[in-house]
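Novice: Residue numbers (the numbering used here), protein chains in the order written: chain A, 1363 to 1527; chain B, 1287 to 1370.
Think of the hints as simulated: they come from the structure by calculation, not from any bench.
Warning: the hint list may mix true and false statements.
Unchecked claim - Only part of the chain B face toward chain A is listed, based on derived beta-carbon distances under 7 Å:
(1) LEU1330
(2) LEU1335
(3) ILE1343
(4) ASN1347
(5) MET1350
Each residue gets a CB set at the ideal place from its N, CA and C atoms; glycine is no exception.
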Amino acid sequence: MIGNDIVDLALAEKESNWKRKGFMNKIFTQNEQLLISIAENPTIMVWNLWSRKEAAYKIHNRKTQIRGYFPLQLECFDLDCINEITFGKVVIKDFVYYTKTEIKSEFIHTIAVENTQHFDSISILDNRKNIRKKNGIPEYFENNILSKKPVSISHHGRFEQIITL
Amino acid sequence: MDKKETIEKLKNIVKPYIKNQEAFENITEKTDFIADLQINSANLVDVILDIEEEFDIIIDNQSMERMLDIKSAMEIIEIKLSEK
Ligand SMILES: CC(C)(COP(=O)(O)OP(=O)(O)OC[C@H]1O[C@@H](n2cnc3c(N)ncnc32)[C@H](O)[C@@H]1OP(=O)(O)O)[C@@H](O)C(=O)NCCC(=O)NCCS
């Protein structure tokens, strides 16, 4: 299973005020809040961490069938920046999801996988053809009748990203 | 506070965040914040904070986990108000 999440930074700026009282404590753990407070650009760090949580949630929800709003349980760890791509993991209970986040001036995009080797096999789809959904949730991408691949869709503002494995 | 009053207050709270006007106009207890009203998941925290302010209650993390539709929001508001 894979998950992804894209944040249009201009839209996020317009629609969310992360500095609002109470916001941080409902979404970010103490450690994450520390990362935000020491970041060169706190706003970018907010959406960076948020997109990781959302991408991981998209795997976790499909795997466990648990639906809920529990951003504090999805905790980001081990942020590591290599050539402008940040890696890391999101941990929830006994589950670990690995994340790869691309930070651009206009958007932030995170891909989450269950096994780091999968990062190399991710490809981008440019339309929704052959994506099978169940109750509105993407189930798989049908490459041909014999091969079903995991898929994930995210859109926000000006951007949409569809990925498969 | 009766149910009708609560749902009216809730409607006012979610209004700025909804993306689906039709679902908003036909709001019922079954209406889902994300699937029906298409509130984006980052704005769900704003809905929760607005509820806390409007009803002067504190929504703990466990309650927040299931705050995904009008019905559970109403239940949580009722419980928190009764605990005051
Ligand atoms: C899954 C979810 C978080 C995505 O919401 P979002 O970030 O606002 O929107 P995105 O554009 O990134 O993702 C939406 C797309 O993801 C896919 N999707 C929807 N629900 C999904 C799920 N449960 N798992 C994986 N993918 C899902 C759909 O393809 C959808 O786009 P489409 O309807 O146009 O095809 C949201 O729909 C949801 O169900 N939230 C429940 C509570 C929550 O927010 N938890 C997360 C933090 S704890």
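Novice: Against this structure, judge whether each hint is valid.
Specialist: Evaluation of the provided hints:
1. LEU1330: Nearest chain A Cβ about 6 Å off; hint holds.
2. LEU1335: Since chain A brings a Cβ to about 5 Å from LEU1335(B), closer than 7 Å, the hint holds.
3. ILE1343: Violated, because the Cβ-Cβ distance from ILE1343(B) to chain A comes to roughly 12 Å (cut-off 7 Å).
4. ASN1347: Hint holds; ASN1347(B) Cβ to chain A Cβ min 6 Å, cut 7 Å.
5. MET1350: With Cβ-Cβ at 6 Å, under 7 Å, it holds.
In summary, the structure is inconsistent with hint 3 from the numbered list given earlier, while agreeing with all the others.
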